[in-house]
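Peer 1: So you can see what is in the structure, the chains are spelled out below.
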Amino acid sequence: MSDLAFFIDYSRCIGCQSCVQACGECDTHRGRPLIHLEIVQRADSVQTTPQVCMHCEDPICARVCPADAIKQTPDGVTQSSLKERCIGCSNCVMACPFGVPRYYADINQMVKCDMCYDRTSTGKKPMCATVCPSQALCFTTLEDIQKKRRGTTIREWTFGDEHVKTKVFVVVPAETNTVHIDQLRRSVSPTSAGAKPRDLYDVAELLEA
Amino acid sequence: MERNRSSSDVLRATCWGLLVAALLIAGIYIGSRGLRDFDPALVPYAGASVFAAFGIGYRYSMWLQRPPTRMYWFRGWQVFLRPSRIPGNIVRWIKLLLKEILAQNFIRNRSRVRWASHWFISWGCLLAAAITFPLSFGWVRFETARNSQEIYDAYVFGIHLSSFRLGTPMALLAFNVLDIAAVMVLIGLFFAVWRRARDRSALAEQQFSQDLLPLVMLFAICITGLLLTVSTHLLRGAHYLFLAELHAVAVILTLVYLPFGKFFHLFQRPAQLGVDFYKHEGATGTRALCVRCGQDYASLMHIDDLKQVEAQLGIRYRLKDGTHYQNVCPACRRKNLGLTQDALWHAAGRGPVEPPQPEVLSAQKGA
Numbered sequence: 001m002s003d004l005a006f007f008i009d010y011s012r013c014i015g016c017q018s019c020v021q022a023c024g025e026c027d028t029h030r031g032r033p034l035i036h037l038e039i040v041q042r043a044d045s046v047q048t049t050p051q052v053c054m055h056c057e058d059p060i061c062a063r064v065c066p067a068d069a070i071k072q073t074p075d076g077v078t079q080s081s082l083k084e085r086c087i088g089c090s091n092c093v094m095a096c097p098f099g100v101p102r103y104y105a106d107i108n109q110m111v112k113c114d115m116c117y118d119r120t121s122t123g124k125k126p127m128c129a130t131v132c133p134s135q136a137l138c139f140t141t142l143e144d145i146q147k148k149r150r151g152t153t154i155r156e157w158t159f160g161d162e163h164v165k166t167k168v169f170v171v172v173p174a175e176t177n178t179v180h181i182d183q184l185r186r187s188v189s190p191t192s193a194g195a196k197p198r199d200l201y202d203v204a205e206l207l208e209a
Numbered sequence: 001m002e003r004n005r006s007s008s009d010v011l012r013a014t015c016w017g018l019l020v021a022a023l024l025i026a027g028i029y030i031g032s033r034g035l036r037d038f039d040p041a042l043v044p045y046a047g048a049s050v051f052a053a054f055g056i057g058y059r060y061s062m063w064l065q066r067p068p069t070r071m072y073w074f075r076g077w078q079v080f081l082r083p084s085r086i087p088g089n090i091v092r093w094i095k096l097l098l099k100e101i102l103a104q105n106f107i108r109n110r111s112r113v114r115w116a117s118h119w120f121i122s123w124g125c126l127l128a129a130a131i132t133f134p135l136s137f138g139w140v141r142f143e144t145a146r147n148s149q150e151i152y153d154a155y156v157f158g159i160h161l162s163s164f165r166l167g168t169p170m171a172l173l174a175f176n177v178l179d180i181a182a183v184m185v186l187i188g189l190f191f192a193v194w195r196r197a198r199d200r201s202a203l204a205e206q207q208f209s210q211d212l213l214p215l216v217m218l219f220a221i222c223i224t225g226l227l228l229t230v231s232t233h234l235l236r237g238a239h240y241l242f243l244a245e246l247h248a249v250a251v252i253l254t255l256v257y258l259p260f261g262k263f264f265h266l267f268q269r270p271a272q273l274g275v276d277f278y279k280h281e282g283a284t285g286t287r288a289l290c291v292r293c294g295q296d297y298a299s300l301m302h303i304d305d306l307k308q309v310e311a312q313l314g315i316r317y318r319l320k321d322g323t324h325y326q327n328v329c330p331a332c333r334r335k336n337l338g339l340t341q342d343a344l345w346h347a348a349g350r351g352p353v354e355p356p357q358p359e360v361l362s363a364q365k366g367a
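These protein sequence lines are chains A and B, in that order.
Okay, so the first sequence: first residue is 1 according to my numbering, each after it adds one.
Okay, so the second sequence: first residue is 1 according to my numbering, each after it adds one.
For the record, the hints were derived by calculation from the structure and aren't laboratory data.
Keep in mind that a hint or two might mislead.
Claimed, not checked - Here's a subset of chain A near chain B, in silico, CB distances under 7 Å, partners left out:
hint : residue
1    : T28
2    : H36
3    : L37
4    : E38
5    : R85
6    : D106
7    : I107
8    : R155
9    : D161
Beta carbons are placed, not taken as given, at the ideal position from N, Cα and C, and that holds for glycine.
Bound conformation, chain B alone (with noise of 0.2 Å):
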């Protein structure tokens, strides 16, 4: 929940957003090799990820500002990068990488449906992603070969990188492979849709903004797309102006909702990897017990993390006998909701004839 942002913070993130966009603007003019290899019919595209990449910078910023996504992001790194275990840690970074990221298993353990869902549309938005953009900023461009016009040669940075007859599966994968990707993300957006109309939990709680929109996006930019690719082949070329300009409405509205909407989500999920990492320290340092019950029920560095967290949140939790409320296990705190309740009964002299047991947190009636 975002509470009080000081100018300050607001500034900050500014900055930040700034120095993002302007590092990709370096980007593309270094890359395109002094705009030389630059298309400016992709100008509206390059201008769209220029935003976009602010938007992100600003948005992250303002995130990491949190304190306790601060303490985790800092934290996270620490672990990750203590000397002792980078060599194990790249190793389960690289696991964990195949598992969470690349085939996803968390999200088929909700359903398959779900599952089948994010798979297609994540994956087809990010290979179209590693080819779009790279053409838009002229880091990749393709030419016909000065000595022939069937072949053709592919440029990244501008360093001749392959060459590739016409009519040969080179050539028909790297013409169609955006259709490829939009056939992907429209395969997932079919499950995500089947799955939303029959599911009665995301029927009770979904949002047009928040989960529908994203949907209509998608859906825009993969149909738009595909119909360039019918009016080249099949309809000789009819009305390609209007499609193409159509498509890149739909790309660049996409593009500056990116920071702002669900699809932020790309940008904060590798915290997760973080996460990772700091439960594995945890499990593996001092635990913390509970001070009613003497139970085991998290790591100590996760209870004084938290501590320092809800200290600087104005989290008040320390108890009048000294005690802090956080080092109580949460089935402690359940039990002693239902003991206080009996000892409250108790003292108004209606409870019951026995004394309260000798556990009964100490609890006074107010004012």
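Just chain A, same shape as in the assembly (with noise of 0.2 Å):
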């Protein structure tokens, strides 16, 4: 895959679907897109976020697959489940600490980004970076980003204690090396079993509030 690396800047983001729509015509993907595209909290912003497989170099995903399903090429890009093994568990939907896997019950299958595997194991760029207008989703060489954007580009990370390093790269502030998650700072109160708490995203509702 040469020198072009993937590269995430969540805040350049505008929410325009554009990436689900390509995602879905990659010939890997088989008409499903696989990125996700989060709204963040409608009720406070108009943030929205996208989420791609962020290939990390010890996948959890592969190590908590009771299957040993989820394999990655040499270049280092973890692929979804062989279908041959895969046995629908959603092990890995649960344990990606990005939040990537996505399980599909009709297929009995987890699928995920896979970089457009079609496309980059070619050299060309995968379908949402080929599309993102802001550029939110970039895929170049680490010099062209260094010289076009501020900041810097990191690709590791901390969960609690887990260490996780990646092979897409996320744009941070300089002198950033790692970025931790050290805590949650709850914006909803657990609730009790069974009740659901207001829906901050139905914009019908918060208009009416």
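Could you use the hints to bring the two separately framed chains together as a complex?
Peer 2: Structure, rendered in structure tokens:
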């Protein structure tokens, strides 16, 4: 895959859904968009955030897979589960620190972003990075991104005490080496069993409030 | 991903492999009535089967020693064998067998060509295995009746099961069932090669050793097997011995490959039935609510089991505030990543004018 790399800058995302539409058109995705585009908190912000697979060096999804169905290519791309092995348990869906894998009950298989392997393995850009108008998702060289963006790029994370190194970079302020996720500030109090919180994503409800 | 196998794991797996192989040898000896019904001409097949039994026992044991596999294996049986649920579970198990194994509906939902390919290959192979293994082990034998050359007797474990006259439909079926199985597999192989040659996803991802070699092996077995029939009926037995040796080589190589290649999924896939029982139990039990958004995102049993597996694997998800990251739903994890970047920019003084949202995860600059 030469020296091209994938970069995410969440703050550039404008929520246009181009990446979602393009993702579904990738040959290896068979009509299913595998990228995630989250509306962070409609009540407070217009922020949206795209999430592709970060392609960890030692993927936690593969470590917790009981069927040993998740493999990496020699160039470090973590693939969707092997069809003949995946038993549809969803361990990977629940364990991924970035919340990436998806489980589809109709095909009883986990599928996930594979960096459009049919394209990137031949030097083309992934679908999402090709169409992203704000280049929140960008597939280029490290030199190019350093020349054009302020801040720096990192690919090391900690989730509690778990250190994760990824193939995909994220743009952060200069002098940041690792992003630490140490605490969780709850925006919604834990609810009693069965009770649902107010829907923070229902625009109609928000307008009435 | 296989990780750090200790020598005790290997020793245990070797013992299991030897036990399975020994059980098969004992089964061959007892089932063939002290080798009286055992056909010495089939020794190479039986020998390769014993090796395959060792390999399957070894690999299955290694597989079960992985913490997540072990957890699901025990949990699946625990849920299935819960006394109050056994009758209902047996009914559910039969339904699952019909839906997932016989009809293979989940593969049809992936692609019809893939389903056709897999259905013909799998059932062709299973049909052939159901005949050839008992024959090779001396569990089943055919011989002409003592009083007539026109009648064949079939024996199972030395017990006379049935007789049929040559030229009857039953005889035709009995003598050609392996040809039928070979044709089924060839139909499946045709669909498989058709798909793999045209599907751009398959073209990008397939590997020779993982995806194409098994097809080559099955093709070699089918073609050499069918050529034996052609030699018998159309060529007056020409080159029969050579073809028989070629067929034996193809089968033996496949049996040796069985425990270590793609075919091993035959023994792994039944785990999906256990997972179905596990999921059913989780769906009717206590649910896990995300500590961030409060939404139901999984069964509590699944999350608790996953935490145990993660602890065994050395995955340390405990956050500084005492929260376990496993209690955050996948959607909230994704949102937190964006918010974390936002907080970093704000802390760097070049971020948005507005202060970070109250739900932003605490994120610190690296040292």
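Peer 1: Look at each hint and say if it fits the structure.
Peer 2: For each hint, the structure was consulted:
1. T28: 4 Å, holds
2. H36: 5 Å, holds
3. L37: 9 Å, violated
4. E38: At about 5 Å, which falls below the 7 Å cut-off, the nearest Cβ of chain B leaves the hint on A/E38 intact, so it holds.
5. R85: 6 Å, holds
6. D106: 5 Å, holds
7. I107: Because about 5 Å separates A/I107 from the closest Cβ in chain B, which is inside the 7 Å limit, the hint holds.
8. R155: 12 Å, violated
9. D161: Cβ of A/D161 sits 4 Å from chain B, so the hint holds.
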